[in-house]
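Whenever a hint applies, use it, and build me the whole structure from the sequences.
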Amino acid sequence: MASALDRRRPMAEFKLTPSEVEDRITEAADVLGRLPSTTIQGYVNTWPPMVREYWESYGVAEVKLRRPPPSAAAITRMDQSLEWLRWLDPIDAQIVWHRANNDRWKAICGKVGLSRATVHRHWMYALCVIAWRLNGNKVPGKRARGHLVERVNALRQKNENETFLARTDSPAE
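Straight run, no breaks: the sequence shown in full-length UniProt numbering ends on number 173.
Everything labelled a hint here was simulated from the structure, so no lab data went into it. Heads up, some of the hints might be wrong.
Using C-beta positions, here's what the derived DEER-type ranges look like [unchecked claim]:
1) His147 x Ala107: 28 to 34 Å
2) Gly110 x Ala73: 32 to 38 Å
3) His120 x Tyr43: 44 to 50 Å
4) Asn153 x Thr46: 51 to 57 Å
5) Ala72 x Trp105: 30 to 36 Å
From the three backbone atoms N, C-alpha and C, an ideal C-beta is built for every residue, glycine too.
Written as structure tokens, this is what we have:
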């Protein structure tokens with residue numbers, strides 16, 4: 001007897017998983033943080049502060065180090081990843097973005113006004129929606145959120161099993 005997954009549009013391979021989507025969005029948040037600031041320069045003085053006394057010079061050489069600017073390829077991947085957030089409900093996009101910035105769950109709960117379990121469900125659903133759409137599927141509109149998460153996890157598990165079987169069936173070299 002065919003399962004509900006087999007009766008749907010067959011998928012040759014489940015290309016992106018929710019964890020890979022999470023990694024890409026986390027990378028996008030990191031790249032965005034490494035970009036130079038876009039503030040108006042205004043009237044600035046590029047001279048270092050004048051040292052008048054010896055004791056004022058203590059600690060002057062300390063420089064705040066910045067990470068190097070991102071590469072062009074990283075910026076392109078960031079732009080692609082930020083477009084994915086437009087597919088989500090605003091609350092889900094906000095949760096995903098806060099999590100990509102390594103905000104704590106408790107802080108996210110306070111910002112969006114939801115419980116910890118609900119925020120985690122929204123986060124999982126949002127990652128599954130992005131993975132589902134990137135793999136060329138249409139998000140079911142009249143289904144519960146948990147249904148999509150279950151389908152994505154089932155397809156991911158099925159492909160992992162097939163990959164494992166293909167590796168074990170191949171002759172050893």
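Right, here's what the structure says about each hint:
no. : hint                        : verdict
1   : His147 x Ala107: 28 to 34 Å : 29 Å, holds
2   : Gly110 x Ala73: 32 to 38 Å  : 36 Å, holds
3   : His120 x Tyr43: 44 to 50 Å  : 48 Å, holds
4   : Asn153 x Thr46: 51 to 57 Å  : 55 Å, holds
5   : Ala72 x Trp105: 30 to 36 Å  : 34 Å, holds
In this structure, every one of the numbered hints holds.
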